[in-house]
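Student: Here's the letter readout for the chains.
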Amino acid sequence: MANDLKLILELSAGAELLFGNIKRRQLSLDGSQKWTIGSLLKWMHANILTRSPELFIQGDTVRPGILVLVNDTDWELLGGLDYELQQNDNILFISTLHGG
Amino acid sequence: MPVYCKSQCGNRAVLRRPKTGDALCKECFFAAFEAEIHHTISSNQLFQPGQKIAVAASGGKDSTVLAHVLKLLNEKHNYGLDLVLLSIDEGISGYRDDSLETVKQNRDDYQMSLKILSYEELYGWTMDRIVAQIGRSNNCTFCGVFRRQALDRGAKLLQVDSIATGHNADDIAETVLMNILRGDTARLRRCTDIRTGGGEDSIPRVKPLKYSYEKDIVMYAHYKKLVYFSTECVFAPNAYRGHARAFLKDLEKVRPSVIMDIIYSGEQLRFKDTVKKPVRGTCSRCGFVSSQQPCKACVLLEGLNRGLPKLGIGKKSKGDRMIAEQNRELDLRERANLVKNDF
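Line order of the protein sequences matches chains A and B. Residue numbering for the first sequence follows the numbering used here, beginning at 1 and increasing consecutively. Residue numbering for the second sequence follows the numbering used here, beginning at 1 and increasing consecutively.
Derived from the structure by calculation, the hints contain no laboratory data. A quick note: this is a predicted structure, and the numbers were derived from the prediction, not measured. Check each hint, because a few of them may be wrong.
Said to hold, decoys possible - Derived EDC-like pairs: lysine to aspartate or glutamate, alpha-carbon spacing no greater than 20 Å straight-line:
(1) B:K224 with A:D72
(2) B:K19 with A:E76
(3) B:K26 with A:E76
(4) A:K23 with B:D98
(5) B:K26 with A:D72
(6) B:K253 with A:D60
(7) B:K6 with A:E76
(8) A:K42 with A:D89
(9) B:K225 with A:E16
(10) B:K6 with A:D89
(11) A:K23 with A:D89
(12) B:K225 with A:D72
(13) B:K156 with B:D201
(14) B:K71 with B:D82
(15) B:K224 with A:E10
(16) A:K23 with B:E232
(17) B:K277 with B:D184
(18) B:K253 with A:D82
(19) B:K253 with A:E54
(20) B:K225 with A:E10
(21) B:K253 with A:E16
Said to hold, decoys possible - Per label pair, the in silico range of CB-to-CB distance:
(22) A:G59 with B:S291: 54 to 62 Å
(23) A:G79 with B:S137: 43 to 51 Å
(24) B:P294 with A:T61: 46 to 54 Å
(25) B:Q45 with A:L29: 52 to 60 Å
(26) B:R195 with A:L29: 49 to 57 Å
(27) A:K23 with B:E120: 29 to 37 Å
(28) A:G31 with B:Q45: 56 to 64 Å
(29) B:T282 with A:G80: 51 to 59 Å
(30) B:G198 with A:P53: 32 to 40 Å
(31) A:L29 with B:A239: 53 to 61 Å
(32) A:E54 with B:N44: 36 to 44 Å
(33) B:Q51 with A:Q26: 46 to 54 Å
(34) B:Q133 with A:G79: 49 to 57 Å
We put the CB at the ideal spot given by N, CA and C, even for glycine.
Using the sequences and the accompanying hints, generate a full structural model.
Tutor: Listed below in structure tokens is the structure:
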């Protein structure tokens with residue numbers, strides 16, 4: 001749809017293993033509603049998380065140790081879960097929980 | 001509302017540092033992260049000019065960042081170090097073979113020489129074969145014990161003055177917690193030491209990233225576009241460490257300083273004289289550092305070679321009984337053979 005919310009979703013450093021091993025995808029979300037990182041997480045859980053949800057989601061947020069960047073900026077500076085997603089945003093999840 | 005860099009450079013901040021709470025831009029973050037590691041190195045006199053240092057390289061985020069930052073600081077502050085990469089190939093297909101490719105990339109990127117030592121050449125066994133023999137419990141014991149010694153062997157071979165490992169602040173805080181939970185006073189005593197070993201017979205190990213938070217390390221690697229390997233080992237993950245880690249990460253959410261606080265607690269611990277202290281010596285068989293006779297690596301290896309892989313697992317007395325029993329059987333068999341041959 002023309003007024004869909006288009007996003008780039010990236011997963012790295014092991015986080016992709018929970019999402020069918022796909023590191024990068026383009027999403028088109030229903031543009032008639034507001035989207036936040038919080039609602040995106042719920043959408044990811046329901047639609048693309050393929051295994052071990054407890055390794056990604058804890059309560060209504062990401063498991064501590066998973067870093068979230070929006071357009072290469074730490075989500076902690078952008079309001080975290082409440083950040084309202086914008087057209088063409090790039091959302092990156094980096095796991096720090098894998099090997100060293 | 002964009003947040004601006006705390007250093008008032010005028011740039012937009014890209015991250016909040018867990019250690020300080022500061023919002024910084026990329027450039028100021030790089031500078032702060034590198035300056036802190038330089039401070040750790042210089043205030044603890046980790047290196048001396050002219051030394052040859054092996055960077056223990058696994059291809060993971062920590063050792064990749066360590067190699068990058070050491071090279072950079074060595075040039076910037078004229079440490080005068082000869083830096084080399086040392087990797088251990090445990091022989092785990094689908095894991096270590098891939099991560100070694102990353103180490104080779106580091107070798108080319110940083111123009112450092114690289115030595116890869118394998119369990120196969122050192123012990124005659126790969127982890128794949130060990131797991132086939134012992135199964136998936138206790139296999140991490142073999143891997144850990146062999147790796148520790150393999151690094152010592154590699155360092156001796158390369159004639160380096162010390163080995164730098166990529167242990168970060170989160171790792172050390174986890175280890176303090178695990179040692180407390182296990183009542184392991186011997187390890188608790190030394191796990192926060194920034195330098196370990198270094199007696200007459202051993203090569204010292206240093207931890208330049210001791211005070212670097214994992215988040216900072218991952219963000220640094222990300223913004224610097226460093227290539228690292230991040231797959232979990234194909235064999236059983238370390239469950240106990242996993243619990244300690246999850247607990248700390250939960251605490252860190254409400255109190256980011258918890259990592260530094262636990263390290264500080266570990267550093268300040270003092271033990272009563274009555275607490276048993278392991279005596280460091282050298283193994284009578286292989287000559288490498290050990291507080292047991294023979295060392296754990298030799299016992300584990302003997303177990304594998306005797307077809308008694310559980311030999312080094314659990315109490316020493318149990319292992320001794322297993323050896324005695326096997327020797328008795330071999331002895332009986334030999335006598336039976338003698339009798340047969342006499343006629």
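Student: Of all the hints numbered above, which does this structure not satisfy? Sort the numbers upward.
Tutor: Hints 10, 21, 22, 30, 31 contradicted; others consistent.
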